[in-house]
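In the working numbering, the protein residues as written are 36 to 599.
The hints are simulated quantities; they were obtained by calculation from the structure and are not laboratory data.
Hints are not guaranteed to be accurate.
[Unchecked claim] Taking lysine-lysine pairs in the DSSO-like style, the calculated list, with each CA pair at most 30 Å apart, reads: (1) Lys147 <-> Lys183; (2) Lys334 <-> Lys499; (3) Lys440 <-> Lys334; (4) Lys436 <-> Lys131; (5) Lys440 <-> Lys183; (6) Lys594 <-> Lys547; (7) Lys436 <-> Lys334.
Owing to the predicted nature of the structure, the values given are computational and were not obtained by experimental measurement.
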Amino acid sequence: MTTPSDRAPFKRRSLFKAAGLGAAGAAGLPVIAACSDIDSSSGNTQATTGFDFLPTHEEWPLPVQPDLVGEPPHHPSGFTSYPEPVQAVTDLPAGKGTYELTVPCWGPAPAKDDPYFAAVYEAWGGTKLELRQGDGMTYGDTAVQWVKADEYGDGIQLFNYMTGSFSNFQETVVNSFYDLTEIVQGDIAERWPLLAAIPSEAWGYAVWQKDPDDRETAGIYAIPMNYSGGQGNGILARVDLLEAEGLAVPTTVEEFLEVARAWSDDAAGRWATAGLDWFIGQWFGLGGTDGWNWDPDQKKMINNIERPEFTELMEFRRTLWDEKLIHPDAPTGTLDAAAMQQAGQVMFTQDNLVRWNDYNLKVKKGEAEGRVAPLPPLAAKGRTPTVAMASGSGGWTFLNKNLSKEQVEEILDVANWCASPYGTKEYEILNYGVEGQHFELGADGTPVFTTLGSEIVQGPVHYKALTCQVQTFLTGDPDMVTERFAYDASIQDYRMENPFEGVRIEAPAEAKSAGSTLWDQQNDIAYGRAELSSIPDMVETYMKNGGEAAREYYTDAYKALHGE
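Let's have the full structure, built from the sequences with the hints guiding it.
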């Protein structure tokens, strides 16, 4: 990936040049310590519900109704055709300020003089919100330096997985960013009707406490960038190749192995998968937060590795390796599974379900062959399948604490405009640009990016992530919308309950370190470098080196949440 273009320079570049510290840290949500010590190494928990100072939620009637009506967030509604867009914000504020917003950018930064920016500024009322792009590959680490030095402009966007780079993100939030509470609490619908219609759960994810022991010190420190739910990842299969071989889509773990054996031919360079590890725990009923679940019978917090189903999982992974059903280079973690699946070398990939849509669109454009679709929920030994689903915000837009109240309100005017959902003129210009320059309407009436639109609007511009929309829909290719909607409906009965719903949790540093070692040991077994008989020793090592401390930590968090 390229670094930010000189067309979008930072005003002060010392830290920008010096702070390329490598890839962002592992995902870990920023949260408040459960004890009085807010050192992030001791672990953090933060409630996201039950606050009386959130914006009063007020429904905003959708100007255009979806074609397929679901139950968001886990079963979102969908549009199978592009609606005639309707104006959402009819009383535009007269914005005159100029601000700078730091955002991550993967790829070349768009030219600041492109007509897209002038059109967006005019459409939302005149406020100029200039983007300062940082290299998305190193953004999490460099953001730490920018925030410390107050060199991020008037606001900064952070995806939640980037916050693990901060040594104590809670402390950073309450000391560096604007406390929005007094401005956005209560009834805000008169000035910001769309912000008022954002799910309260999304606003709850933007709450942090100054004092971990005093809930009264909690406040809203960010604008939620998005809010969604449902199943994010899955196992995608080349269903056309299955059909060509006369193989059925597997519906159990046992059937999966049968299909994998029938398809794989190591000598011919054909394998069931290029890697199958982080997703498939749910096939064996293993879930929870960081592997921890409350056992109501034992009245105890139990880790997945202490359960017999974990041994079944490891036996399954080892079978894939021993029978050469998995690519021999899988242990390197460097294989491009998506490319191998497209080439017909592997049958199954674990991936974000966005690629389901992307792959089949490639086929429609003649850029790929075949068809992919996710496997249904699977389980072993006749059990009922489980599906891990999650709802929440993927990140936040933070504002500089040195802004005046009037400046913050002006930026919130822009955020209110950006919260306009699919089916509005605001959404169209924000997400597609200017018709005739950045997009054209295709034969089916759906916006299609021009070459310029692909460069400027489709990828790098993050105004569309400034805040979450009133509601998120399935949109795009009508066939894919229909398929995804039906798939989402089919998995609702298998939803795995999250024992820590309504709380953000970050494990103690000791437990994180032990967990990293545990993952390496699991891979040693899965790839034939250690024996299955070593599982008890592996469990014992984990518990001694941080697992028992994690058990106590998660037990306290669970009891505080559920009152057990």
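Tested hints:
1. The straight-line distance between the Cα atoms of Lys147 and Lys183 is roughly 27 Å, inside the 30 Å bound, and the hint therefore holds.
2. Between the alpha carbons of Lys334 and Lys499 the distance comes to roughly 45 Å, so the proposed pair goes past 30 Å and is violated.
3. Only pairs whose Cα atoms come within 30 Å are accepted, and Lys440 paired with Lys334 is rejected, the gap being roughly 49 Å.
4. Restraint check for Lys436 and Lys131: satisfied, since their Cα atoms lie roughly 20 Å apart, inside the 30 Å limit.
5. Restraint check: the Cα-Cα separation between Lys440 and Lys183 comes to about 22 Å, which is no more than 30 Å; the hinted pair holds.
6. Under the criterion of a C-alpha separation no larger than 30 Å, the hint pairing Lys594 with Lys547 is consistent with the structure, at around 21 Å.
7. A threshold of 30 Å between alpha carbons decides the hint, and for Lys436 with Lys334 the separation of about 45 Å lies outside it, so the pair is violated.
Checked against the numbered hints above, the structure breaks hints 2, 3, 7 and satisfies the rest.
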